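Chemist: Residue numbers (the numbering used here), protein chains in the order written: chain A, 1 to 595; chain B, 596 to 801.
Keep in mind that a hint or two might mislead.
[Claimed, not checked] What the simulated footprint calls covered on chain A by chain B, stretch by stretch (three residues with Cβ under 8 Å from a Cβ of chain B suffice, anywhere in the stretch; the number is not a length):
| id | stretch |
| --- | --- |
| 1 | 160-171 |
| 2 | 331-341 |
[What the hints assert, rightly or not] Just some of the chain A residues that point at chain B, by a computed CB distance under 10 Å:
| id | residue |
| --- | --- |
| 3 | Pro203 |
| 4 | Tyr242 |
| 5 | Arg312 |
| 6 | Pro380 |
| 7 | Arg562 |
| 8 | Ala570 |
[Stated by the list, open to error] Computed spacing ranges between beta-carbons, pair by pair:
| id | chain 1 | residue 1 | chain 2 | residue 2 | range |
| --- | --- | --- | --- | --- | --- |
| 9 | A | Arg460 | B | Ile798 | 36 to 42 Å |
| 10 | B | Ala776 | A | Glu173 | 21 to 27 Å |
| 11 | A | Ile302 | B | Pro707 | 52 to 58 Å |
| 12 | B | Ile798 | A | Gly451 | 45 to 51 Å |
| 13 | A | Arg174 | B | Ala732 | 46 to 52 Å |
| 14 | A | Glu173 | B | Pro707 | 57 to 63 Å |
| 15 | B | Val654 | A | Ile469 | 49 to 55 Å |
| 16 | A | Gly459 | B | Ala732 | 39 to 45 Å |
| 17 | B | Gln653 | A | Pro380 | 47 to 53 Å |
| 18 | A | Gly338 | B | Ile798 | 30 to 36 Å |
| 19 | B | Asp711 | A | Cys390 | 32 to 38 Å |
| 20 | A | Gln463 | B | Gln653 | 53 to 59 Å |
Treat the hints as calculated values from the structure; they're not laboratory data.
None of the values given here were measured: they were computed from a predicted structure.
Just so it is clear, CB atoms sit at the ideal spot from N, CA and C, and this is done for glycine as well.
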Amino acid sequence: MIRILSGNEAVARGAWEAGVAVASAYPGTPSTEIIEEFARYPGVYAEWAPNEKVAVDVAIGAAYAGRRAFASMKHVGLNVAADAFMYASMTGTETGLVIVTADDPGMHSSQNEQDNRTFARFARVPCLEPSDSQEAKEMMIAAFALSEQFDTPVLFRMTTRICHSSSAVVLGERVEPPARVTRFPRNPAKYVMVPGNARPRHPLIEQRQEAIAGFAETCRFNRVEARGRELGIIASGVAYQYAREVFPRASLLKLGMTWPLPAQLIRDFAASVERLIVIEELDPFIEEAVRLLDVPVEGKSIFPRVGELDPRTVRECAIAAGLLPETARAPTLDVDVGPLPGRPPMLCPGCPHRAAFYVLGKLKVPVLGDIGCYSLGFAPPLNAMHTLGCMGAGIAVAHGAAKAGNPEHHVAVIGDSTFFHTGLPALVNVVYNQSPVITIIMDNRVTGMTGHQENPGTGRTLQGKAAPIIEFEPLVRALGVEHVKTVDAYDAAEIERTLKEFMRLDQPAVLITRAPCALLPEVRLRWRPLTINAEVCNGCGLCFRLGCPAILKSDVLDTRYRRPKALIDATLCTGCAVCAAICPRGAVLDVMPAA
Amino acid sequence: MQHTLNFLLVGVGGQGTILASEVLVNVGLAAGYQAKQAELHGMSQRGGSVVSHVRWGQVIYSPLIGAGEVDVYLAFEKAEALRYLWQLRRGALAVINLHAIEPVTVTSGGQPYPTDERLRAAVAQVTDRAVYVDAAAIAAGLGNIRTENVVLLGALSALMEREEMIGSELLPDEWVVQITARVPGRFAEVNRRAFEAGRAVVIAAS
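Next up, chain A with everything else stripped away, as it sits in the complex:
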């Protein structure tokens, strides 16, 4: 049976066909759908972990216990999970373990575009890189066999373009691997990494890497496609597709395993062509390894090391380097469309994060942010976030700034899921080392940005089971925060009062702004659009400062001040009424009868 699957769906399918029993993940674009899809297959256990390190430890535990397992995450998730990833390389596992990293060349939804193939080299583990959905499925199955053959975790590297591209996949059946383990292993020499046990493991993993390099010479995912002698191209991942598209007559060495590299295969291929180039996204990872073999090669002297490749970029770079004639360029149209308005991402109409950002802007305090929908609080007209680095950073950055002697009050802003992810230890630090940091936990009852995933605060698991709800207020009180208050996220006045009260203290304080995401299905049912009384509105513009997409500038000008009045788009307004509460003239009306 053939079906069109995205790369992410194909990875999930491959894991299922490979007999994977356990998977753990934390949501992150472009990886999120892998485990969401896997969780729907029969006979598997899949979960959202609070962060990627926990997810990798969980997968390691399952693979120690004798069941095939994987953890999936976005590229920066592997930074969080690096500690676990590194020891897993040292210990190996009883059964197959695969770590899926979804890199984001072009930073479509990330804070950097790190190339995680470097993690494979760093940890001495093999790296597989599929070029389409069919290969993603096949490689995922092969990854578990490889893991078991060499007693190593496998790094499975996807990129946004492979994750979110769809193509035909031949579906197979699930094959349960034979049971290899009857009871949890008692093997401290292998699994207890105290220095005395770790030292003898290190030479083993170096030997393992050499053995895998030997395997790479004949691995079916590394193959030569011999065409012309003039030009030879080494490519991996989606870059292979661009190479086929742009250089139909060149010979190709397609590398599906990009670490460790097959030295002899590369040397032989190089000898068969007159000019050798590498086409790869981001780092010159393959190129540098080829150069270390003393094989003359070009790569990043032709193609960019920054950003995502696409057929156009590859073609233009090739023309500039003289690899293709000028005539290889498809003519692009020079069409005059005039100035176009930008369409920046915004907090949605009715977003429960908006009121707090409005108040923070008004209070003019430094706001130390974090990763989620609420990151958009930085954007105009709210302009209410001043740093954002990685998951869980804001609270500790605020603490550091306070300890540096900055006399202002620092406010850390963090979402519910991000607080569970890595905010918690940072708040422990604020309490332990006492700084007057105010932490706002924006609790919208769901993991929003990645598309409404469950988390430890939602009361549901990934596979739909009821779960205990971990409540923030008792949690942070138990940590020793004395000043804690939970308020309705839409109540701008109460948020302002509470923050001002906290700012008079010289102690840690936590404000929990709570309201479910306006896009949740049960919340949509309560949407009730408001309207502006144009007789009363005098165009003062205060409501425009909320940056709500439902509040428009009317064509009607106020007669006295000659400024545009406000107008509400009823198709967008949810009736959150934050604008009604801040309007100094009471011009926002609730016209619809209550349901």
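Use these hints to put chain B onto chain A, whose structure you have.
Modeler: Just chain B now, with coordinates in the frame of chain A:
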């Protein structure tokens, strides 16, 4: 059919662009082609623009279309239609939805939103094979605004037939099968009618 067909779909988050491109890639597969689709989402839920590439052909490598190689353009929103127009091949087919979704840069930022005259003039510089559809009004008339995307697919199918980009290998029924497979059963009928209403716009204009 020619060697490959490249479709570019552009719109705004929430308009059903992704579902339309899923239908299109599966219609291609059902018609016997290799088919690939690439989409960009992530921030799109927050009202950003959505772009999706669909390719049909005997052999397809890149999931992305090269610049200047778009054969068929399906634009769900007027400003977005202008934004990606430069990627079309001269003479490309175009189905353009006369639907304006004004971004905040217009509604509260004061930037001008392009006029219909500007849109039509710009499209005319590129192709004379464009049809304009008021799909939102048609969908609203059918009682379900969310079938806007299917109205556009209907128009697209009829336009591709009229321009002989597809022949008897691909019947309208195949599109309907792919559409109804992707919507809840109780919406199958309204989607069928939306598809036919979209076809009727093109057939009436021919």
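Chemist: Could you run down the list of hints and mark each one as holding or not?
Modeler: Evaluation of the provided hints:
1. 160-171: Holds: 6 residues of the stretch 160-171 of chain A have a Cβ under 8 Å from chain B.
2. 331-341: holds (count 11)
3. Pro203: violated, 43 Å
4. Tyr242: Cβ of Tyr242(A) sits 5 Å from chain B, so the hint holds.
5. Arg312: holds, 4 Å
6. Pro380: Since the shortest Cβ distance to chain B is 9 Å, the answer is holds.
7. Arg562: Arg562(A) check fails; min Cβ-Cβ to chain B is 15 Å, beyond 10 Å.
8. Ala570: Status violated, d = 13 Å.
9. Arg460(A) with Ile798(B): 36 to 42 Å: Since the Cβ atoms of Arg460(A) and Ile798(B) sit about 48 Å apart, the hinted range of 36 to 42 Å is violated.
10. Ala776(B) with Glu173(A): 21 to 27 Å: holds, 23 Å
11. Ile302(A) with Pro707(B): 52 to 58 Å: Given range 52 to 58 Å: violated, Cβ gap about 41 Å.
12. Ile798(B) with Gly451(A): 45 to 51 Å: violated, 38 Å
13. Arg174(A) with Ala732(B): 46 to 52 Å: holds, 48 Å
14. Glu173(A) with Pro707(B): 57 to 63 Å: holds, 58 Å
15. Val654(B) with Ile469(A): 49 to 55 Å: holds, 52 Å
16. Gly459(A) with Ala732(B): 39 to 45 Å: Taking Cβ atoms as reference, Gly459(A) and Ala732(B) lie about 42 Å apart, which means the hint holds.
17. Gln653(B) with Pro380(A): 47 to 53 Å: holds, 49 Å
18. Gly338(A) with Ile798(B): 30 to 36 Å: holds, 32 Å
19. Asp711(B) with Cys390(A): 32 to 38 Å: Violated, since Asp711(B) and Cys390(A) (Cβ atoms, about 45 Å apart) do not stay within the stated range.
20. Gln463(A) with Gln653(B): 53 to 59 Å: Distance hint for Gln463(A), Gln653(B) is violated at roughly 41 Å.
Of the numbered hints listed earlier, those contradicted by the structure are 3, 7, 8, 9, 11, 12, 19 and 20.
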